[in-house]
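*Asks:* Here is how the chains run, residue by residue.
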Amino acid sequence: MRSIVCVKRVPDSEARVRIAGDGSAIDSSGVKYVMNPYDEFALEQALQLKEAAGEGTVTAITLGSDEAKETLRSALAMGADEGVLLRSDGSMDGLVVARALADEISQREFDLVLFGKQAIDDDNMQVPAMVAQLLSLPCATVVVDMTLDSGTVTAKREVEGGHEIVEFELPGVIAAQKGLNEPRYPSLKGIMAAKRKPLEEKDVTVSEPGLELLGLAPPPARPEPQIVGEGPEVVPELVRRLREEAKVL
Amino acid sequence: MATILAFAETRDGALRPVAAEVVSAARSLADEVGAQVVALVVGGPGTADAASDLARLGADRILVAEAESLSVYQPDLAVEILAGVVGDSDPTAVLFAASAQGKDLSARAAAHLGLALASEVTDIEVADGTPVVTRPMYGGKAYGRFRFLGAPALISIRPNVFSVSESPGEGSVETLPVSEATVPRTRVVGMEAAARAALDVREAPMVVAGGRGLQDADNWGLLEDLVAALGDGATLGASRAVVDAGWRPHSEQVGQTGKVVSPNLYFAVGISGAIQHLAGMRTAGVIVAVNKDPEAPIFGVANYGVVGDLFEILPVLTEEVRVARGA
Numbered sequence: 001m002r003s004i005v006c007v008k009r010v011p012d013s014e015a016r017v018r019i020a021g022d023g024s025a026i027d028s029s030g031v032k033y034v035m036n037p038y039d040e041f042a043l044e045q046a047l048q049l050k051e052a053a054g055e056g057t058v059t060a061i062t063l064g065s066d067e068a069k070e071t072l073r074s075a076l077a078m079g080a081d082e083g084v085l086l087r088s089d090g091s092m093d094g095l096v097v098a099r100a101l102a103d104e105i106s107q108r109e110f111d112l113v114l115f116g117k118q119a120i121d122d123d124n125m126q127v128p129a130m131v132a133q134l135l136s137l138p139c140a141t142v143v144v145d146m147t148l149d150s151g152t153v154t155a156k157r158e159v160e161g162g163h164e165i166v167e168f169e170l171p172g173v174i175a176a177q178k179g180l181n182e183p184r185y186p187s188l189k190g191i192m193a194a195k196r197k198p199l200e201e202k203d204v205t206v207s208e209p210g211l212e213l214l215g216l217a218p219p220p221a222r223p224e225p226q227i228v229g230e231g232p233e234v235v236p237e238l239v240r241r242l243r244e245e246a247k248v249l
Numbered sequence: 001m002a003t004i005l006a007f008a009e010t011r012d013g014a015l016r017p018v019a020a021e022v023v024s025a026a027r028s029l030a031d032e033v034g035a036q037v038v039a040l041v042v043g044g045p046g047t048a049d050a051a052s053d054l055a056r057l058g059a060d061r062i063l064v065a066e067a068e069s070l071s072v073y074q075p076d077l078a079v080e081i082l083a084g085v086v087g088d089s090d091p092t093a094v095l096f097a098a099s100a101q102g103k104d105l106s107a108r109a110a111a112h113l114g115l116a117l118a119s120e121v122t123d124i125e126v127a128d129g130t131p132v133v134t135r136p137m138y139g140g141k142a143y144g145r146f147r148f149l150g151a152p153a154l155i156s157i158r159p160n161v162f163s164v165s166e167s168p169g170e171g172s173v174e175t176l177p178v179s180e181a182t183v184p185r186t187r188v189v190g191m192e193a194a195a196r197a198a199l200d201v202r203e204a205p206m207v208v209a210g211g212r213g214l215q216d217a218d219n220w221g222l223l224e225d226l227v228a229a230l231g232d233g234a235t236l237g238a239s240r241a242v243v244d245a246g247w248r249p250h251s252e253q254v255g256q257t258g259k260v261v262s263p264n265l266y267f268a269v270g271i272s273g274a275i276q277h278l279a280g281m282r283t284a285g286v287i288v289a290v291n292k293d294p295e296a297p298i299f300g301v302a303n304y305g306v307v308g309d310l311f312e313i314l315p316v317l318t319e320e321v322r323v324a325r326g327a
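Chains A and X are the protein sequences, given in the same order.
So the first sequence is numbered by my numbering: it starts at 1 and just counts up by one.
So the second sequence is numbered by my numbering: it starts at 1 and just counts up by one.
To be clear, the hints were calculated from the coordinates, so they are not data collected in a lab.
Positions of the beta carbon are idealized from the N, C-alpha and C atoms, including for glycine.
Keep in mind that a hint or two might mislead.
Claimed, not checked - Interface residues of chain X toward chain A, partial, derived using beta-carbon atoms under 10 angstroms:
1) Leu117
2) Tyr138
3) Ala274
Unchecked claim - In silico lysine-lysine, DSBU-like type, Cα no more than 35 angstroms apart, as pairs:
4) A/Lys32 - A/Lys247
5) X/Lys292 - A/Lys32
6) X/Lys292 - A/Lys189
7) A/Lys69 - A/Lys195
8) A/Lys32 - A/Lys202
9) A/Lys197 - A/Lys247
Make the full structure from the sequences, and use the hints.
*Replies:* So, in structure tokens, the structure goes:
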């Protein structure tokens with residue numbers, strides 16, 4: 001079982017986001033960066049598939065700056081066999097990222113390509129389906145459960161009000177949603193071993209983006225909060241305000 | 001005439017609620033740039049009848065691809081149909097819902113057509129005849145404004161953000177041929193409904209969300225009672241803590257690593273307001289917080305806060321809401 005897992009370095013979900021002075025980016029000073037949480041589910045799935053098959057490889061690929069090597073080291077510590085950094089500082093929209101990853105993936109042998117369902121920085125939820133489309137591969141996105149039986153994947157895909165059951169033959173693409181599995185923590189042994197695992201670095205030139213960022217802004221301000229009061233006695237007043245002031249009941 | 005294409009999604013031969021939002025948003029954009037609205041509807045038997053309703057919301061032409069095989073979303077077939085329509089109508093923009101189906105299809109279509117896609121858009125303006133979009137990023141902690149550098153502009157709009165308004169269009173219905181020749185690489189073989197046929201937390205106009213303050217999964221009846229009192233448009237949500245504890249399914253999780261929601265009314269019950277939760281619900285219209293800790297960060301974003309024991313407050317709230325809704 002040969003799996004490729006695409007991972008991304010993102011600000012931790014508990015991080016406060018401040019916008020840099022010129023509005024072109026977030027201010028990364030003091031921000032803790034982690035592996036995109038959904039990518040951990042993808043990586044865990046790849047490791048479990050390899051373990052179940054009793055053979056195979058798990059390759060972690062990331063596209064980004066030199067700092068993204070940290071994320072590859074985390075993937076190697078969790079159990080990936082090798083890491084690949086596609087180094088680029090170019091401006092990227094979803095399709096630019098997908099093209100660069102598809103380019104690299106197409107040069108490799110694999111059974112399954114796994115992604116997190118979305119990265120929690122850009123929140124695009126585009127790249128997995130785009131890579132599949134560019135490589136003419138089948139694909140299931142937002143997957144909460146999957147089984148593999150003689151080369152056929154059956155995946156449960158989260159949709160509004162339930163799940164779609166999706167089938168395809170390998171090779172294919174999966175985008176992991178929380179619930180797919182319980183990602184393991186890297187062991188001390190894993191962290192030590194990660195230092196000796198191969199980590200390839202390549203400079204890549206990305207395609208021209210189709211979207212131009214005009215600026216980032218903080219979210220719209222909320223109205224001034226009102227504390228209606230304490231305890232069940234104030235509930236009638238709350239409901240009155242919801243009806244008469246906010247007009248939502 | 002310039003065209004705005006709206007992908008109006010269906011399930012089981014009926015339009016999904018977000019289809020109306022997509023067609024309405026397309027109408028507003030078309031009025032601004034002086035274009036017609038073409039709605040594309042792909043689905044199973046009954047779709048053509050359901051689709052004719054889109055004229056009311058501003059569709060000038062309604063293109064229907066109807067086949068038994070399309071009763072459930074079939075991504076490869078949908079991409080092929082959509083790409084054909086884009087090729088024929090050369091739209092200025094193509095609008096999708098940022099739903100499970102819309103996000104999957106829009107990404108596939110963007111790669112197929114080699115076009116840029118802006119996801120989860122909450123605002124569309126027009127500058128020099130082309131769309132400029134605003135979209136939340138970092139789970140809603142920042143908003144980015146983007147200009148498209150080429151056309152057509154592919155855009156998925158966040159559910160519950162764009163209003164639906166009546167604006168009659170011509171609404172001629174045309175049937176598209178459906179090729180049976182395409183063998184899908186990805187096959188959707190079935191649907192499994194959630195245990196409770198609930199509204200999805202992203203699409204519900206009212207959300208009652210619970211957190212660790214509920215103390216136990218068995219106490220969720222308190223929130224279900226409030227949902228029932230609020231009526232048809234209400235559904236349950238949950239904080240990450242209670243999903244991680246296994247009390248509630250992940251499909252209900254609100255926050256940066258769950259769902260980002262924009263209901264008209266959001267009740268945060270026993271939720272302290274971790275930064276990743278606030279990111280996921282701060283675009284709600286009206287936020288009501290019930291928490292025993294007056295210093296809880298949730299009160300910082302709530303329009304209305306009640307401090308106290310939720311086990312005492314909720315039953316009274318449910319009763320008062322029931323009376324108010326009945327009145």
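*Asks:* Are the hints correct? Go through all of them and say.
*Replies:* Going through the hints against the structure:
1. Leu117: Where the cut-off is 10 angstroms and the nearest Cβ of chain A is about 6 angstroms from leucine 117 of chain X, the hint holds.
2. Tyr138: Tyrosine 138 of chain X check passes; min Cβ-Cβ to chain A is 5 angstroms, inside 10 angstroms.
3. Ala274: This interface hint holds because 7 angstroms falls under the 10 angstroms limit.
4. A/Lys32 - A/Lys247: With a Cα-Cα distance of about 41 angstroms, the restraint between lysine 32 of chain A and lysine 247 of chain A is violated, given a limit of 35 angstroms.
5. X/Lys292 - A/Lys32: Given pair lysine 292 of chain X, lysine 32 of chain A holds - Cα atoms ~31 angstroms apart, limit 35 angstroms.
6. X/Lys292 - A/Lys189: 44 angstroms, violated
7. A/Lys69 - A/Lys195: 11 angstroms, holds
8. A/Lys32 - A/Lys202: 25 angstroms, holds
9. A/Lys197 - A/Lys247: Distance of about 61 angstroms is beyond 35 angstroms: violated.
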